[in-house]
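*Asks:* Now for the letters of each chain:
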Amino acid sequence: MTTYTICIFTENTIGLLNRITIIFTRRRINIESLTVSETERKGVSRFTIVIKHESREEVEKLVRQIRKIVEVMAVFGYLNDEIVYNEIALFKISTPLGSKSLDVETINKEYKAWVVYWGLDYVVIEKTGNDTEIFEFFAYIKQYDILEFVRSGRVAVGKTEKGLVEYLPESEWAYYL
Amino acid sequence: MEAIASIKPETVPAASVAAIDTVAPTYINGSHALMKALLAEGVDTIFGYPGGAIMPVYDALYDYQDQINHILVRHEQGAGHAAQGYARVTGRAGVCLVTSGPGATNLVTAIADALIDSTPLVCLVGQVGKKLLGTDAFQEADVMGVTMPITKWNYQITDADEVPEILAKAFYIAQSGRPGPVLIDMTKSAQLELMTKPYVYERCQSLVSYRPRRIPKQEQVEAAAALINSAKRPYILVGHGVQIAKAEDELRELAEKTGIPVATTLLGQSTIPTNHPLYVGWLGMHGNYGPNVMTDQADVIIAIGMRFDDRVTGDASKYIKQAKVVHIEIDPSEIDKIIRADAPVVGDAKEVIKALLPLVKPNDHTVWRNEFRKYDAIENETITVPELTNTGGKIRMAEVIDMLSKKTKGEAILVTDVGQHQMMASRYYQFRRPNSLVTSGGMGTMGFALPAAFGAQVGAPDRQVVAVIGDGCFQMTLQELGTIVQNKQPVKAIILNNNFLGMVRQWQQLFHERRYSFVELQNPDFITIARGFGMDGQTCDERSNLSDALDTLLAHDGPFLLEVIVEKEENVFPMVPAGASVSQIRLK
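Top line first, the protein sequences correspond to chains X and L.
Heads up: the first sequence is residues 1 to 177, going by our numbering.
Heads up: the second sequence is residues 1001 to 1588, going by our numbering.
Pairwise CB distance ranges, derived in the manner of DEER restraints:
#1 Glu40(X) x Thr1135(L): 36 to 42 Å
#2 Lys1131(L) x Glu161(X): 47 to 53 Å
#3 Glu57(X) x Lys1131(L): 45 to 51 Å
#4 Asn1363(L) x Glu57(X): 32 to 38 Å
#5 Arg1203(L) x Thr3(X): 41 to 47 Å
A few chain L residues facing chain X, derived, Cβ under 8 Å:
#6 Met1144
#7 Met1148
#8 Pro1149
#9 Trp1153
#10 Val1208
#11 Ser1209
#12 Tyr1210
#13 Pro1332
#14 Ser1333
#15 Asp1336
#16 Lys1337
Treat the hints as calculated values from the structure; they're not laboratory data.
A quick note: this is a predicted structure, and the numbers were derived from the prediction, not measured.
Glycine included, each C-beta is placed from N, C-alpha and C at the ideal position.
Take these sequences, add in the hints, and give me the full structure.
*Replies:* Dropping the structure here:
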């Protein structure tokens, strides 16, 4: 299974999320993560969707079907080594009186994670990184009592010299158009 | 502020449309804006059915009766199929107008059908008022959600000011690129409220995010031409896209210059006259023998405006493995979807063929072409001649279509429903003119033919329209007889009645050991039903009467229903069994 990161640039309109996800559903492709935000260009939204698939050909077909949606301006499919990407994870750790104290130095220096909130008997630790780094940290921190754990979807930018919006609206799935 | 039902714009006199245009600047309501937008798009016909949530639009329509012919159907599905028939023969978007909830959901089948067969539709659907959205209000359905996967584009208008721009987009999207259905869901409040700015309509010419490529890239055309010129056994497969692009003349020129044999898909039929020396028949599950078998012997396949549907390819993993493929298609997502293309060309079929013509070399592939004729001879001997030369037993479907074809000289627009009769009509009608077959291909929608024939007749008043319908299909939309009669359209309908759901029965016979599970129909007296609607008709049960019955049908002034009682357990051959490769096509 290969991980693909699909970046979709769209007009910012209601209902588009549905239209895009239907394409994955119909092909029985599971979405690992999905994030949406407006880009540096007003009115243009960027979807970052991560999927795992064994066939590049099928992913290319999927991308072309997404491109077909009227409001979609461009779609880019990436392998992991073609992008810089990260996720954010938040860990809510129980710290009642008398429990094992947190090794904040290790958390900071070794795992590059930060305590972002101190509660009365819990703390919230933020860890930013790729999924491997986040799960390495998870393996470390689980010695404490994890009350809650949440990860964001992946955000990614391509390792190209220009920003992707520079390719809009002229950019296409180059081979075909 | 939410408009309420009592608001009727005083600036819009109900009496005359001309008066509207003289009051300037006019702050018209959403419904009148909709009417004006339709007129700006050249719409002269709407197929529709009124209801609560679309009443303001119908109220506005009352003022526009002189310019827009509204046809009241008997069921919204009929509106959709009629609009499809209209669109298929005119090449322009068919327009449907229905109310919210059930009105909209009744349209769904036709929308899905139009999407898969690339038919331009603009479906205008009422919706509950903006304040009621999402409250499970009376006749509220999430039509946007329901139709999202089966429309090319859909949009919910909640503000009257949006009407001109959204309508312009709707027509542009429906009719450009690969045509398809567009649905506009319009809240009742948007229909009623006044626009806050003067009405201005500009036709849409382009969109930032949607730019279908009509003119192909030169390097793609050159690569395709090189492949065609290098071929020893080239073969052209023609789909519906050629007729959508109105590229029939260019196609013929390409085939004649290069001497390449041409086969069509089901929907591609009538693109090229069936008596053209280069035409070799049609492809697919019940298509002709030669064209199916020979796809496995071609070295270059030139597929134009077709999408390698599974009914054409059979088992796609075994399909044309030996051939290089030139795929000419306006929808880039179709390229490599089923069959990998060695030379894809994205563009409008007409533009692509025009670009190809100077690059392809004149050629003569007589020897290769004659290979097809050997299979024709086998098909003729095994199937065609025996089906057409019966002297005993009941009338066969093939005889009816063959005789109809001769009596209409292949000039009629044939509208068929779905099933055995559809395949027989396609096999035995000898098309002479382009754009003469209207059928439900991709979706295979039973009940399609009667309303679609009506729509086709409205769209092509100068042509003879003949619907060929199965007894099962007819009963799905027979209420549209009322629409045909009320609108005085001279549609000729033929029911081929075998008292069975024939195609299902055939499959049960061949693949389920004759276990005829719920396929026998106890039919009503169709002619009495037709007469009840005010339509003349007659039944033909004897071979000796068939010719006279068809003469009566075709000569009748006005609509007519002819019921022909046909052989009960007749099968359609050739046949590529589902999942088999096309070379495994069966003759019996």
